[in-house]
Amino acid sequence: MPQTVVLSPNNVVRSASPAFLLAFGLEEREIVGRSLRMLLGPCTDGQRLLRFIDSATPKTRLSKTPILAALYSRDGVPLLRSVAVELADDGARIVYMERTHAVTSKQALVDDGTSKLLLSAETRQVSDISSGFADRYGFSPKAASALGLRMILGPGSDIQGLTALMDAALGGQSQRGRLLTYGSDCQALECEIIVTPVEDGMAQVSQLMLTFVSEPRRRSVSVAASSSKKSFLPMHDSSFTRVSSAGSSFTRVSSA
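All residue numbers for the sequence shown refer to my numbering, where the first residue is 1 and numbers rise by one.
In short, the hints are calculated from the structure, not lab data. Please note that the accuracy of each hint is not assured.
Simulated DEER-style distance windows between Cβ atoms [what the hints assert, rightly or not]:
#	residue 1	residue 2	range
1	18	131	39 to 47 Å
2	90	131	49 to 57 Å
3	65	105	20 to 28 Å
4	192	99	38 to 46 Å
5	124	19	31 to 39 Å
6	4	192	28 to 36 Å
7	123	48	35 to 43 Å
8	9	122	26 to 34 Å
Owing to the predicted nature of the structure, the values given are computational and were not obtained by experimental measurement. Positions of the beta carbon are idealized from the N, C-alpha and C atoms, including for glycine.
Generate coordinates for the entire structure from the input sequences, incorporating the hints supplied.
Here it is as structure tokens:
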């Protein structure tokens, strides 16, 4: 069941769903009639959250990327939520909350044998690559730093689709699709990709983790270049499993 809260125009809680009450350890009488601010705490960017809620329109939930927010339970425990909002016909704001797929920086840096890299959420600069990524694509950490994402993109790669996927992940939910990529030997590698948000401990998405999860099917460059079909088919991943916290660390990409 969805975790929802219905707010009056002045952000006073009108009602809350049973799923929300259960998750936050509250009873309806404890929250109805009170300001949403009772859920805010030290790790909440309250101004950003309230501006987001106030900007709601009848189509906001479908047209606007959700935001990540830390909201506090009755016991004072911060709960990371991906927050979406829409405006009801009577002017009320319906706030939808989902458990986030965001991982911590420590979890993201685990080198668990998969092929993955880390990017700055703001600049999209590559900061780390796993040993699995280096082995699969043949790029060194220095090359990854210098070339960025373009090192694995080429003819047939849907760059706009990849950008849209990364933008959507900023809302706290992992995104999944397929992407045509290229190794250092210029061979085309068609693979599945997951983009996972990495939060900084203050409920802000600071990095994005790109994981190449399927065994790629090699395609010749000439075939890839002549193909007019999009190779990237984005879709929401509702069953992403968090990365294990056990293992060794990534190869740090030098900025030099």
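Per the hint of 31 to 39 Å, is the separation of the Cβ atoms of residue 124 and residue 19 within bounds?
Given about 35 Å between the Cβ atoms, the range holds.
So the hint says 38 to 46 Å: do the beta-carbon atoms of residue 192 and residue 99 match that?
Between residue 192 and residue 99, where Cβ atoms are some 23 Å apart, the hint is violated.
49 to 57 Å was suggested as the range; check whether the CB atoms of residue 90 and residue 131 agree with it.
holds, 56 Å
Verify the CB-CB distance for residue 65 and residue 105 against the hinted window 20 to 28 Å.
holds, 22 Å
Within 28 to 36 Å or not, the Cβ separation of residue 4 and residue 192?
At roughly 32 Å between Cβ atoms, residue 192 and residue 4 fall inside 28 to 36 Å, so the hint holds.
Given a hinted range of 39 to 47 Å, is it respected by the beta-carbon distance of residue 18 and residue 131?
Check passed, 46 Å falls within 39 to 47 Å.
In this structure, is the beta-carbon distance linking residue 9 and residue 122 contained in 26 to 34 Å?
holds, 33 Å
Does the Cβ distance between residue 123 and residue 48 fall inside 35 to 43 Å?
Violated, since residue 123 and residue 48 (Cβ atoms, about 20 Å apart) do not stay within the stated range.
Of the hints listed earlier, those the structure fails to meet are numbers 4, 7, in rising order.
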